[in-house]
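*Asks:* Read top to bottom, the protein sequences are chains C and W. Take 1 as the starting number for the first sequence in the numbering used here and just add one per residue. Take 1 as the starting number for the second sequence in the numbering used here and just add one per residue.
Heads up, a few of these hints could be off.
Each pair may be met inside one copy or between any two copies, as identical chains are not told apart.
Here are the simulated PhoX-like cross-link-like pairs (lysine-lysine), alpha carbons at most 20 Å apart as the crow flies [said to hold, decoys possible]:
1. Lys200 to Lys141
2. Lys273 to Lys14
3. Lys366 to Lys337
4. Lys147 to Lys200
5. Lys273 to Lys297
6. Lys14 to Lys141
7. Lys200 to Lys146
8. Lys14 to Lys360
Just so you know, the hints here were simulated from the structure itself, not pulled from any lab data. If you're wondering where the values come from, they're calculated on a predicted model, not measured in any experiment.
Number of protein chains: 2
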Amino acid sequence: MKLMRVTDPDDVLKIIEENFSPLDSETILLEKAGGYTLAADINAPENIPDFNRSTVDGYALMARDTFGAGEGIPAMLECTGEVLMGHSAPSISPGQCCLVHTGGMLPEEADAVIMIEDTEVAGAMVQCFNQVAPGENVIQKGEDLKKGDPALTKGSQLRAPEIGLLASLGITAVEVHRRPRVGFFSTGDELVDYSRPELKPGQIRDSNTPALLYLAGQAGAEAQYGGILPDQFAAFLKESKAMLERVDLLVFSGGSSVGTRDYTARTMQELGKPGLLVEGISIQPGKPTLLANCGGKPVLGLPGHPVSALNIFKIFGGATINRLSGRRENIFKPAVKATLARNISSRSGRTDYVRVRLEKAAGEIKAVPVFGRSGMLRTLAEADGLLVIPPEKEGLTSGEIVEVEPWE
Amino acid sequence: MKLMRVTDPDDVLKIIEENFSPLDSETILLEKAGGYTLAADINAPENIPDFNRSTVDGYALMARDTFGAGEGIPAMLECTGEVLMGHSAPSISPGQCCLVHTGGMLPEEADAVIMIEDTEVAGAMVQCFNQVAPGENVIQKGEDLKKGDPALTKGSQLRAPEIGLLASLGITAVEVHRRPRVGFFSTGDELVDYSRPELKPGQIRDSNTPALLYLAGQAGAEAQYGGILPDQFAAFLKESKAMLERVDLLVFSGGSSVGTRDYTARTMQELGKPGLLVEGISIQPGKPTLLANCGGKPVLGLPGHPVSALNIFKIFGGATINRLSGRRENIFKPAVKATLARNISSRSGRTDYVRVRLEKAAGEIKAVPVFGRSGMLRTLAEADGLLVIPPEKEGLTSGEIVEVEPWE
Chain C
1 MKLMRVTDPD
11 DVLKIIEENF
21 SPLDSETILL
31 EKAGGYTLAA
41 DINAPENIPD
51 FNRSTVDGYA
61 LMARDTFGAG
71 EGIPAMLECT
81 GEVLMGHSAP
91 SISPGQCCLV
101 HTGGMLPEEA
111 DAVIMIEDTE
121 VAGAMVQCFN
131 QVAPGENVIQ
141 KGEDLKKGDP
151 ALTKGSQLRA
161 PEIGLLASLG
171 ITAVEVHRRP
181 RVGFFSTGDE
191 LVDYSRPELK
201 PGQIRDSNTP
211 ALLYLAGQAG
221 AEAQYGGILP
231 DQFAAFLKES
241 KAMLERVDLL
251 VFSGGSSVGT
261 RDYTARTMQE
271 LGKPGLLVEG
281 ISIQPGKPTL
291 LANCGGKPVL
301 GLPGHPVSAL
311 NIFKIFGGAT
321 INRLSGRREN
331 IFKPAVKATL
341 ARNISSRSGR
351 TDYVRVRLEK
361 AAGEIKAVPV
371 FGRSGMLRTL
381 AEADGLLVIP
391 PEKEGLTSGE
401 IVEVEPWE
Chain W
1 MKLMRVTDPD
11 DVLKIIEENF
21 SPLDSETILL
31 EKAGGYTLAA
41 DINAPENIPD
51 FNRSTVDGYA
61 LMARDTFGAG
71 EGIPAMLECT
81 GEVLMGHSAP
91 SISPGQCCLV
101 HTGGMLPEEA
111 DAVIMIEDTE
121 VAGAMVQCFN
131 QVAPGENVIQ
141 KGEDLKKGDP
151 ALTKGSQLRA
161 PEIGLLASLG
171 ITAVEVHRRP
181 RVGFFSTGDE
191 LVDYSRPELK
201 PGQIRDSNTP
211 ALLYLAGQAG
221 AEAQYGGILP
231 DQFAAFLKES
241 KAMLERVDLL
251 VFSGGSSVGT
261 RDYTARTMQE
271 LGKPGLLVEG
281 ISIQPGKPTL
291 LANCGGKPVL
301 GLPGHPVSAL
311 NIFKIFGGAT
321 INRLSGRREN
331 IFKPAVKATL
341 ARNISSRSGR
351 TDYVRVRLEK
361 AAGEIKAVPV
371 FGRSGMLRTL
381 AEADGLLVIP
391 PEKEGLTSGE
401 IVEVEPWE
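Extracted from the complex, chain C is given alone in its bound form:
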């Protein structure tokens, strides 16, 4: 029997990076752009802010008029009025000030703002009990961004701060990489649609599909479902070919038998060059994973067991969607620090993903392994996240501080 050639998970990520490229770009409205990746640099078309703004409620003045002022010897300035929000500020002369609100515009001649709590009004005069330095309590014109400066660069992911920044520049549409379309097929003669109320002996419901469609959406892709493919090579190939023309990433899931795996591998070789890149990953659960490059498009064959399928799609399907979306490599993985509650053994030379439940007890977070086979989806539903045991380790000891990657 032929042994499976397995690839290290980090190498699989490199293969994805090297084989596939960001999709073409499109222009979309800023209000729809959250989660997309910029396909072009954006320079600031104007200054932000476009005028000197106060950062406090107070009096705009010339800083030198307050020099030497203090608790017992206030500077006395004439108040010429108020800066109305959203309007130009009036002029002031030396010895004068005007009331300004947070965010309000400073008069051309003013270079600082004294906070209202450091003043007292006496008729038409304002007593300043503090000295202020030039620039104090002011955001200078162009301080956040200068006209022509790079505001955001190609490859930036549009999170809330980026969307706000672009909105502040009056930018209402952006050029982004198109969202990847992912096509899913289920495979295996034992599978029936999950909406089937009654099962015949030997049948099981295709539970992976709705779970994978949701994961694809979470990863920022548009998912299409092609149905359950029969275990017949000709039909398998024909349907796959048609789907691959419509999508940017094709995913097979469900077939756990060697036969189905063989169909999938043969199909991948037929769908386009160079074909199969990975025929197994040194990872647990999820070893029998297939990855191909079919005419420039990625095709992923997930392992049959539900836990493995979801784990593999999250890691490698997610990395592929990131690559197609033009996102920069995620150099950091957020994790929850926890104390391991039991010993876990693992085989060296293989990356192990252990399902764990997180429990808070006495101010401490404990990671409790959820044991069970990778065919048992309940074990993943009971887990809050995954604990990664790298290939050089042979297990972990109870009481160790570990990092748990949450499943969200």
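Starting from the known structure of chain C, arrange chain W on it as the hints suggest.
*Replies:* Relative to the frame of chain C, chain W by itself:
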């Protein structure tokens, strides 16, 4: 001048928990249920799996027929055929076996499966070079879930594993807590819609709104935008009242002046009892935050500076949306471990959120503080996440290992 009474951030979270309750429930299709929270327990209507399944490709047999077998002394069993995927298994008698694929059904009489790589076919006979124990390579009927057992409990968030688990049970619709509707108003006479191409002196674009609408969607809420409210109390109150009837959470953003803040606070007192709960939070940035309970509905007044507004909405708007959605308290916060690249000072008695950029250098992740005022949105766009300095600390030292909460 009246001093602001500030509340500790953890106490604000408790106030949210105590004042508000999960929304009423609705029934939705499983394929749309990702991200929702279950409003009722679900028991398994059947066994998973509903038959004894093989976990490998091999031969189903009676384990005792292999006892004593080994490399040199194989057990010889008669092969009666193959279990077709999705079909009942044929019967076997002692001394017999049948070919079964991964996921295939075991014959009633079989209690184990020998892996195909431990066998060799010799005519109609199969040589078994290993002994197998009863139950080996088999998932027992009901091993994942027994009919009637609790599958998922009320309050479970529906992630991919939960969706898969419910699909495997043939469940196509679920009872979940309704998704919160969040209404947003912008406030401040200096604000104009962000689509305005040309600004007059003193005007700024309402950059918070598109950023907040995106954050609300990320948190699992449906956002509605009510426009920019004028700084006139009567209009302010009338529009807020009308919006509050349509939504589950009302949010004011944009007004950074004391005047706008006062309008917002007065409005909160008028909108319903008990009114204002929080009039400031001991947090930086974001201190001038307002939170009210108006007739059972939460109303949040965000601070005016854009960075503060986004930070506060993410933390406390997010916590409120979680509460209304019926999600269990999130006991763990994923973070990225990094080495602090510079000293940071902070004031004790206040929780500081410091914007940091993450950089990978020489296999180490460095957290580099992004300095700049909270009025400067660019500083948040440059940051990968936030570093929390708890109130008991007076700053952090370069070289310390810190935990960074990513902004996604």
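*Asks:* Kindly indicate which numbered hints from before are broken by the structure, ordering the numbers from low to high.
*Replies:* 6
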